[in-house]
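For the protein sequence lines, the chains are A and B, in the order given. As numbered in our numbering, residues 1 to 282 make up the first sequence, in order. As numbered in our numbering, residues 1 to 333 make up the second sequence, in order.
Check each hint, because a few of them may be wrong.
[Said to hold, decoys possible] Okay, the calculated beta carbon distance ranges per label pair:
hint, chain 1, residue 1, chain 2, residue 2, range
1, B, THR92, A, ILE25, 46 to 52 Å
2, A, VAL116, B, ILE41, 18 to 24 Å
3, B, SER77, A, LEU55, 55 to 61 Å
4, A, PHE18, B, GLU222, 50 to 56 Å
5, A, ILE87, B, LEU220, 53 to 59 Å
6, A, LEU181, B, PHE135, 45 to 51 Å
7, B, ALA55, A, LEU175, 29 to 35 Å
By construction, these hints were calculated from the structure, which means they are not laboratory data. Each residue gets a CB set at the ideal place from its N, CA and C atoms; glycine is no exception.
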Amino acid sequence: MSKQDKRKRKKFSVGRLFVYLFLLIAAIVSLFPFYWMFVMATRPSAAYNSIPPTLTPGTMLVENFKKVLSQIDFFGGMWNSFVLCTIVTIVVLLISSLAGFAFAKFKFPGRNIFFVAILVTMIIPPQLGLIPQYFLISKAGLLDTLQGVMILSFLNPLGIFLMRQYISEGVPDELIEAAKLDGCSNFRIYWGIVLPIILPAFATLGIIVFTAVWGEFLWQFTVLRDPEMYTIQVALAQLGNTHNIDFGMILSGVFWATVPLLVIFLLFNRLFISSITEGSVK
Amino acid sequence: MKRGGEMNPISNKETVNPISNKQPIHKRQKKFRSEKKKDMISGYLYIAPFFVIFAVIGLYPMLFSIYLAFQKWNGLSPMTFNGLANFETVLTDPLFWKSVYNTIIIGIMGTAPQLVVGLILAYLLNMAFLKFKSFFRVTIFMPYLTSMVAVALIFSVLFSNHESSLANYVLTHFFGLDPIHWAASEWGTKIAISIMVFWRWVGYNTIIYLAGIQGISNDLYEAATIDGANKFHQLFYITIPMMKPFIILTVFTSTVGAMQLFSEPTVFLGTDAFTRDEAMTIVMYLYRDAFKLQSFGTASATAIILLVIISLFAVINLSLTQGFGRKKRGVDQ
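Here chain A stands alone, though its shape is the one from the complex (with noise of 0.2 Å):
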């Protein structure tokens, strides 16, 4: 005991301070933003104007949030949204880790041109083709409609070009050719060995794809123009635009909207730090 703890005093320096003491300013701006946005949706909107400002919870939780439900359709906004970024992130996992592995382990001619056609494809503004994108959805009927929303959201080279990586480094050569000598299909050696091994990937590719088609806005709000169609990310820009401004309102709906993906954040985030730690262990 005595002895640990000298050779933990004997670590002690200030250098090591400053670590602390940088990281815990880089977590408390991280996290200042929220707790700021709980206050406030606990607040009735006066308290906004309080100087020195309110910085502690008040009792409003609720009735801000009862404010939020009679100016947006906040549930079938969120579902909306669980819908669009469920089947997205399910559908870009596929194609992404599906197109890593042939990448990363076949060979064919072109192979590095399709690649870099990819890669290519990362630097095109998404907002080059959103006027005929726009009339193209329109054309199919599907204005209005998640499936409009979503088909756009299927394209992510981010994700081929993660999944290649990990697939050339994570998964032996050895190991698909002895399946290959077992007898397994392309497609089985896939399904059976590939997509265990990169499982951890797909927890870190699937959280970033999640998010950010959780919270992408442009697309969504240029399609979805009906407010029964509406994610919540375009119900809640609504928020900011009524004439009252009720910043209570607002942060109560963004607290509400912002929660559910932090508890899903939480639920997967060891699975999404180990994913990431594992790259240090190979």
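Starting from the known structure of chain A, fit chain B onto it as the hints suggest.
Chain B only, in chain A's frame:
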């Protein structure tokens, strides 16, 4: 290493197959060749979904945008050929140039500090002695989970025009400055938007860098320590060069992202978004032309100009990052 992996199957086949099945040699070669063919087909098949969807909803609209850029069209009446007039209209519009200026200023203020701080945070988070690692990681990453709309709304309250807004309170009471009209002044809007961009993305870049740092073999650091390199030497001669691919990736994505800024200013300014010019970005200018003014030809011309600007930045980016990597190649390889 990789080559060895590729060689293995052949040698395996030569040694295992003659015993297990007594196929003549040419048949075995045939089997090997068909295996190669199968791999080829699988390869194409597995990358096909992306390219098929891309052709329909990505490439075709882009090409159509180029066509549209030379047409005059309000979305209803037939298109008429307009030559280069759309480009002329956009390029001579002071508001367009204002939007370019705004986008670049906010892009620099919002992303450059982010990448530096992200790198520092990742480096610190990787320190062996650090306790509460996962707490710091989780908290620093959390802002990224907030949608851009949510961030813009939170910050629109933090940075509102009111004298009592938290930002103004800090300015007036801690720094003795005058309150700022955060949503209605040239630099107020830009600073507020840059801060929210920084806040939301810094954790994301930190996590990417952290993944990169953790991929660096400890042997390198041990060898460097034996050679007498201190922590700063290690940072500049091992960590940063080894992280080159990750740095390129993040610089690249955040530059491209910065040029496409739309949600934050739009939601931050709310009803004023398309009438005020302090924070109008290129994409907002494009959106306004298309969906507020029904001028789809000039909007498409703007889209193409945006592509040119982004490509320019991407090329500058790549040549810069390439250069800094080459200098330290010795460690890299």
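Checklist entry - Among the hints numbered above, which are violated by the structure, and what are their numbers in rising order? => result 4, 5
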